[in-house]
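Chemist: With these hints in hand, go ahead and build the complete structure from the sequences.
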Amino acid sequence: MSIPWLSIVTFVPLVGAAVILMVDRDNKSLINGITFATGVIDFILSVPLFFMFREGTADMQFVERFDWVKSIGIEYHMGIDGISLFMVLLTTFICMICYLSTWTAITENVKEFNILMLVLQTAMIGVFCSLDFILFFVFWELMLIPMYILIGVWGGKRKIYATVKFFLYTMAGSVLMLLAIIVLYIENHAQTGIYTFDILKYHGMSLTHVAQFWMFLAFFVAFAIKVPVWPFHTWLPDAHVEAPTAGSVILAGILLKMGTYGFLRFAIPIFPEAAQSAAWWICGIAIIGIIYGALVAMVQEDVKKLVAYSSVSHLGFVVLGTFVFTLRGIEGAIMQMINHGISTGALFLLVGILYERRGTREISEFGGLTKVMPRFAVVFMIVTLSSIALPMTNGFVGEFLILLGVFEANVWYAVLASTGIILGAVYMLWMFQRVMFGEITNEKNKNLPDLTKREMTYLAPLVFFIFLLGVYPNPVIKKMEASVEHLLIKIDKSGQNAYVRGSKVVNPVPETKGGGD
Amino acid sequence: MGDFLWVIVLLPLIGAIATGLFGQKMSKAGVNFWALGSTGLSFLLAVIAFIELVLRPASERVIVNTVYSWIAAGDLNVNAGFLLDPLSGIWLLIVTGVGFLIHIYSTGYMSHDHSYWRFFCYLNLFMFSMLMLVMGDNYLLMFIGWEGVGLCSYLLIGYDYHRDAAATAGKKAFVMNRIGDFGFMLGMFLIFVTFGTLDYQTVFNNAHDKLAVGGAVATAITLLLFVGAVGKSAQIPLYTWLPDAMEGPTPVSALIHAATMVTAGVYMVCRSSVLFDMAPTSMAVVAVIGAATAIFAATIGLFQKDIKKVLAYSTVSQLGYMFMACGVGAYVAAAFHVMTHAFFKACLFLGSGSVIHAMSGEQNMEKMGGLKKHMPKTYWTFLISTLAIAGIFPFAGFFSKDEILYKTYASGNIVLWGIGAVAAGITAFYMFRAVFMTFHGTSRVEPEAMKHLHESPNVMTTPLIILAGLAAVGGFLGVPIIEGWNILHNFLGPVFEHGGTAHGPAEHGEHHLTTELMLMGVSIGIAVVGIAKAYIAYIKHPEITEKLYKMFKPIHTVIYNKYYVDELYDILIVKPTVATSRWVLHKLVDEIIIDGIVNGVGDFFVTLSSMVKKFQSGLLRDYALTMMLGALLFVSFYLWGGK
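Line by line, the protein sequences give chains W and V. Numbering-wise, the working numbering puts 234 at position 234 of the first sequence, and it's gapless, one number per residue. The working numbering runs 1000 ahead of the 1-based position in the second sequence.
FYI, nobody ran anything at the bench for these hints, they're computed from the structure. Honestly, I wouldn't trust all of these hints.
As the list claims (entries may be wrong) - Among the chain V residues that face chain W by a calculated CB cut under 8 Å, a handful are:
id	residue
1	A1072
2	A1073
3	G1074
4	F1143
5	G1148
6	L1151
7	K1171
8	F1174
9	V1175
10	M1185
11	T1197
12	R1582
13	L1585
14	L1588
15	V1598
Even for Gly, the Cβ is constructed at its ideal location relative to N, Cα and C.
Modeler: Shown next, in the form of structure tokens:
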């Protein structure tokens, strides 16, 4: 592999940001254009990753590895497997769409906004590609700073409160994670005599139960805040409500996946035993999150807040699917991470379109919009259906696999979690009815313009993927399968064979020790 | 052979996409071309496929058409594949045939509609989903169709989205169906965990190896599946969405809420007959729920004023009959009734649509009367279908309803038979009440509506005539008594013969000719009494009826208001859930408890920093003091603590 694909994909947005630095700040359309072009280029560059990615192996691919700070074992180490591949693709895809959506929404400090967005993109891709803890942590922190600023500067009325809350929550997580990383680093040195931050090296580490437990907990809380898992979720609605549309899309579409990705990459493979012994209560709070998020979403008055709480519910499914440790549960979880990025991203864009036109997101301010915005209504309906996991849309495949995987592990978890599919229909359709159906009662809504060409352009790819992943999900599932199986084997090594279920490759019969030949 | 099955399913989807994407710019003829062309062609191919199936020897009547692997995850593999056997064949013909007729009718009924294309887009999408449901060769594909028809039902009930009642009814239908789907989904999971596949043939062939008759797993699977059926086919306790669904345009009520979609639950139970036969408890539940729904809904039908509401409750009631049949193992009878019901109920709904169309949208029967002479075609077709549903010989409903009642009696469930017979009498009464109130007697039509009163155009009456014809003679497919004349039974029977099963008792019950004839006599008698009472009450002596209404006003009010079940659900489930979510979860837990802690932490650090700040006073003596204290601490640590 001579072409450093991952570095290119990671740093192209940064180059774009550098170019924008040189542009006159009043030339807003040029700045917007450059940003969007950068997004498109980066997306196009990332597509070959999917096609060149080899199926059937859990090895890291497109690996790049150089020493960075040799004396303490920090490396520049990038690589992706079947899990991170899709996170990278999701990031380049969602970012590209975001850049096109901001042209009329952001009119002040355009230059700074675009630079921050591009820096954010580099950081996010870096997070998903890093295989060195320090590199990972650098990208992780780099990603948070633009987000604080995005909310704090371009946010709504209570932006400072939301930023501080977001900051408090995420900082608490980061600190815990950093502490755990340092402990791991020292512990690894004690065991092997090598100083390294290589994440994969930590995967096989033997740790005492107590050490595993505490470090797992530190990682878990760090990522749980990010997801967010109930009860660490209250920053999310505030951050969303205050964030500009593009910020919300990135936040929901990609940043939340950092948490669930963190479980799959760090918390579970490094601490498999702790993860297993904690699984019951994690599943418990995931189920609470599913139902709680849905119920609270139901009573929201603000569309954006409703979507934010729906994320709590959806991500609850992802966490549950992850922590039942079945093949289909985890595959479904990864599918749902992609789906949530697409569907909820689209929902935030649609809410943003309403907000741009009316300057409000109160559900009671709307009603009957279908009449004046028929095209908007169609797209909104499709996205809503995808969000409530209707078959033939992407949402169904993910939710089905998760629930099936959960059912295979624990029937009662599945029964409880499945109530989420009823509640999902309740809150989404109720909201849709109040916003889109009925007579237009508010004078201000009488002349709302329908979707513009630009808006259609950035919504169309989302709709396309909603259907494509719903009708033909197999290529995606196949690419991730080996990596998921590999993860399950790692958990299985720690002695509980029953967890590796539903896999073709893994032999479910326990190894017989000392058997003939 | 049969590798074109997927085309039958896909054609309506093409119609839906074409009208959905470009319909707005099309002329009506263009929309008709795509919508009717695709469904018509689909019907034609369905007929060809069906003939191909019939021509095969009875043991080879299974055609499978696998298209591609849809979801493969580990050892789960779900194909997009289609299955044609006698059971799906019957539904295939009903769906495409009745569906096509209703498409034709709709071109007339919806001709004044401003978004004509949207209606046909939804209707085609419905046909596609329904065909997926019926033709899929595994449970997951059935589930796709299952949710798909739920969606289309939602869209079509709420077709006039600007009316709140329509939008609300649509949402209610979707949510109640989702409650059913919740059960279906779990049942499907349990099937997969038990069998390692969702494929019908593998599941059914292995049922006897993997499940014990009467075992917990068999019972659980079937009961969960039945929860799905209860939602989709509007049985107690999830029936309340169907009457509300009458907010949708009338052709929709005919197609979706009478002829096809609501029978999906019956199809699913019939399809899973192997599993149901192994679970006697579930069978009993199915039969009891069916019978209870049959009579409960019939009583509500007694006093409704809205012509479509009468038909809606009658549909719920008839679906109850079908489940009762399934529950006693008389699957053929259930399928038979689905078929005849599709004919006469579609005809009745379309007939009511014709009336509503003529009355400029009026649905209240109290404002009708004497329409017979104004719209003869509608009247006669409506009358024939009413005779059919009332169970009068030789109309279609007589044969199918009687087979159900006989099989129920023969299986030893005398009580269920009794309930079914009484419900049949009530049905005859309220259906003829509807006929008399609408078409006979003196006209109560408002003068304004009177001016526009007209017989519907041919494009609407022709489907009525065809359906009335089928309702008249369709019953002869299942002639009882004479051995070998029950064509339907010979055709469908093998699907439900699964070797060595504790088979539903009814299919094996001996044929007692005298019993059967006697029961027939009883049920015709009951029907005639019902009709006669309706005649007396609404034509001969309406004044007595008025008196009776006044005498039993409380009872009448309770029944007229559908026993206040909706209100009950609202008070017991909806309101408490919303209130808890709003006040306890959102306001208390989120905003006060969790945020309280978070903000508390924030405040704590603010306080802490303001305390720490004091150390940085900039005064030398403070620093000196701090240093001294620190040194003191260090020294004491080494002296006493560092051992």
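Chemist: May I ask you to test the interface hint for V1175 of chain V with respect to chain W, counting a Cβ-Cβ separation under 8 Å as satisfied?
Modeler: 5 Å, holds
Chemist: Hint check: is the beta carbon of G1074 of chain V less than 8 Å from a beta carbon of chain W?
Modeler: Result: holds, 4 Å to nearest chain W Cβ.
Chemist: Given K1171 of chain V as an interface hint, is its Cβ closer than 8 Å to any Cβ of chain W?
Modeler: Check passed: Cβ of K1171 of chain V comes within 5 Å of chain W, closer than 8 Å.
Chemist: At a threshold of 8 Å, is the proposed contact between F1174 of chain V and chain W supported by beta-carbon distances?
Modeler: Status holds, d = 6 Å.
Chemist: Go through the hint on R1582 of chain V and say holds or violated, using the shortest Cβ distance to chain W against 8 Å.
Modeler: Where the cut-off is 8 Å and the nearest Cβ of chain W is about 4 Å from R1582 of chain V, the hint holds.
Chemist: Does the nearest C-beta of chain W fall within a distance shorter than 8 Å of the C-beta of M1185 of chain V?
Modeler: 6 Å, holds
Chemist: Would you check whether V1598 of chain V satisfies its interface hint, that is, whether its CB is within less than 8 Å of any CB in chain W?
Modeler: With Cβ-Cβ at 6 Å, under 8 Å, it holds.
Chemist: Are G1148 of chain V and chain W close enough, Cβ to Cβ, to be under 8 Å, as the hint says?
Modeler: Holds - the Cβ of G1148 of chain V comes within 8 Å of chain W, reaching about 6 Å at its closest.
Chemist: Answer holds if the nearest beta-carbon of chain W is closer than 8 Å to that of A1072 of chain V; otherwise answer violated.
Modeler: 6 Å, holds
Chemist: Minimum Cβ distance from A1073 of chain V to chain W below 8 Å?
Modeler: 5 Å, holds
Chemist: Hey, does the L1585 of chain V contact hint survive, CB to chain W under 8 Å?
Modeler: Interface hint status for L1585 of chain V: holds (5 Å vs cutoff 8 Å).
Chemist: Answer holds if the nearest beta-carbon of chain W is closer than 8 Å to that of L1151 of chain V; otherwise answer violated.
Modeler: With a minimum Cβ separation of about 6 Å from chain W (threshold 8 Å), the hint on L1151 of chain V holds.
In summary, the structure is inconsistent with hints 11, 14 from the numbered list given earlier, while agreeing with the others.
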